[in-house]
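Asks: Chain by chain, the residues run as shown.
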Amino acid sequence: MNKQTLLEMLQQQGISRRGFLKYCTAITSMMALPPSMMPAVAAALESARRPSVIWLSFQECTGCTESLTRSHSPTVEGLIFDHISLDYHHTLQAASGDAAEHAREQAMHDNKGKYLVVVDGSIPLANPGYSTIAGISNLDMLNETVAGAAAVIAVGTCAAFGGLPQADPNPTGAVSVSSLIKDKPVINVSGCPPVPTVITGVLAHFLTFGSIPELDSLGRPKVFFGQSIHDRCYRRPFYDKGLFAETFDDEGAQKGWCLYRLGCKGPMTYNACATLKWNQQTSWPVESGHGCLGCSEPDFWDAGSFYKALSIPDGDYAKASGYAVAAGIAAGAAAGMLNKKTKSDAVARHTKVSVDDFAVNKETD
Amino acid sequence: MNFDKLSDIKIEVENSSQETGNLPGVIAEIKFALEQLLETKKTHCIDLLAMPWSPGEEQKLEKYLGQGEVRVELNALGKSTFIESHYSGVWLVSHYDENGETIGKLIEINYLPDMIFSQTEDIRDSLKRLQSIKLNEQ
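Taken in order, these protein sequences are the chains called A and B.
Counting from 1, one number per residue, gives the positions in the first sequence under this note's numbering.
Counting from 1, one number per residue, gives the positions in the second sequence under this note's numbering.
Same shape as in the complex, but just chain B (with noise of 0.2 Å):
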């Protein structure tokens, strides 16, 4: 059997039956952000590949946040997803490199994620190409 990846490779996972205790921390984290961005408008990111998990544990937190009424997908240096969860303004957010390997995976409380608006950098490169489009010439 030939395997090109590693996702290639079914693997079931166990739920431990200990958990690391992060969960709960995770989730009143993400209370206590949303508070401030309804009461200050200030967002909050957090890094779920920077803290330890025990096995299950993270699908157990995905699951806990469901998924909402949006997903957007990006294609830029391979695939990323945005999941608004079941709570407005909580988003998961999960980057891929292209051969779809985990790179980032995060939590962002925000209206929307930052990287989803059209960049200005990218705006000023579109007019420029734009501009240089001579019609007559198609």
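If we strip away everything but chain A, and leave its shape as in the complex, we get (with noise of 0.2 Å):
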């Protein structure tokens, strides 16, 4: 932990009380919290002290680094990382080989109890040998680097939730942070890759609170998982009127109708991306025309085809949709109830349709 404070070393660089308070109104909407707390936000930075963080990445992609350092650099995720110590990360590290090792040990000596450890990647129990780091089996090495850390934060669906690597048959043995890590907190931030703003708020709220922010059931930090898809699309009131696109080109794709039945997996899906959006806030999949992929959820590689819908509401819901045409609005809410009435059943049935089970619906239609 670096003893100088955060605020000190933005006013070694120079930086004017405004450009402090800019740098905390952005992280305040970077937490999802409201504008209110900036001032709480500024006062617990003022004498916030700069964590070491160590990176491992085991069975991955490199897709969760590239999601952060892809953001168009400086950004304020780009300050963030300015004012946490990365001592370790193996792809944007200079240090290689032994010097390498030698700075996770360093950093995790001068540290103990009070670093933390992000993981991206799943880690393979079938054999150690199938991904290892400087000879280190990603098990021994995950075991070490977290036996003196204050929480784990899990990057991405393969930490989280053991993502593609575990996808059946799961030739590696792949498991997850939180399978393994029983004595220390572990935060999900699921996404295949996750939004790069929810990485970094995530770390904001350690580097500003000192603690971990609330989760929910599955470890992910309820702020930026709270909600579903679906209920935050803006293309949620065409599903609530029975209005839907059949194919990527027809008439209801063009004119921005729900995508449930091209396979969105938005209804059981949680995450940030209709409000924090990709690429600078400028759009996310579904405004560019496709179905969520369900990707912070356990277990999404194997949950059917992407382009298949994810659950069929039961017979009633023909009915309560063809007369949504019918009779209009009214019927239209009332159709959105009985979904939302039949939802759970069908998710938890986890029964997958093709666009022609619809038939039945586009015959009442």
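What you were told as hints is all true, and nothing was included just to trick you.
Simulated DEER-style distance windows between Cβ atoms:
#1 B:Val72 / A:Gly173: 53 to 61 Å
#2 A:Asp249 / B:Met51: 28 to 36 Å
#3 A:Glu46 / B:Ser118: 13 to 21 Å
These are calculated hints, taken from the structure and not from any lab test.
This one's a predicted model, so the numbers in the text were calculated from it and none came from an experiment.
Ideal Cβ positions, reconstructed from N, Cα and C, are used throughout, including at glycine.
Put the two chains together into one complex; each comes in its own frame, and the hints tell you how they fit.
Replies: Below you can see the structure in the form of structure tokens.
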């Protein structure tokens, strides 16, 4: 832990108080806190000290690191990385071999009990030889590094839930971080990759308050994963009215109707894409005309085709949908309510269907 | 064709035929906050990046608010603009990083956004610097 406070570091760099407040405004927004919290964030950051972060990459594709570093630098994300001490990261560090491993050990020794461990990638248990770093198996490195950590952040769906490496038949015996680490807080920041602002938002929370944010039942920060994609989707009103795109180039697709029948997994996916968006808030998959893949949920890779509707509500749905078109918005709202009622059952059954299965809807529409 | 940054790629924002319904909600919040400002001097701030918008909806809000008499530009860690809307006391605040990418977008209901004022810490630093200047050595 660096002895200098964040404010002292910024002052040394010639950054004015206004610059500091602007930084705090952006961080407050990044942490999904209301703007009225900005003075409290500023007060906390004034005395915050630079925490040490050790980033371990296991069975992964580097997409999570790409997500973070491909944002246009310098950004608020960049600023945060100036103000944490990223002491070990395979992809980003200049050191290699023994020197790199020495840096990790040194950071662990100097910051015992206080450093953060960020993990991207799953851990293979079938054979330690499937993934090693400097001759050390992923499992050994994880256990050794986490032993003295304050908390662990599992970045990406592979680290959070096993992800693609764990997909059937899971040849490497891949498991998530939380299935191995039971004696430290594990924060799951899922997504393939996660929204960069969500990664830095969690780091900013630790930097600001020295604690971990409130988590949901899957260990994900509620501020970012508290609502489903479907509930925050701007196309949601079309779903409630029973208006769906049937193909990627039909009239419904052109008019921006709901992508549910084209396989959108928004109803069972919890993430912040609909609000934070991607590429500097330019757009997000659904706005680009493609359904959500559900990449921040466990087992998303094995949940059937991305282009098959996730589940089909009960037969009554078709009738209600027909009524919706016939009777207008009021019945559309009723269809929405029916959908809400049957959704949980359907999701639980996890029935997979093709667009053809909706033929009955087409006839009644 | 080379593009150095995302904003170099010209994109046409199509207005969606369906809106999120956030626009009337935000306008109602602004009205209430303006009443509070007059009655109790309580200021308010709305984070526009924290809510979903359909394509073109945010631009519609900006158009609705319009531009009033005052525009202030700040240069600290990138540009920031403070634009008073057609409605006095309602400011559209945009923060950008050094590459011109948006890092904050807020509506502030205040007589003047707090960040525009000279900050006590900076004034103190300025005084120190002025005191250290020895004019006869120049």
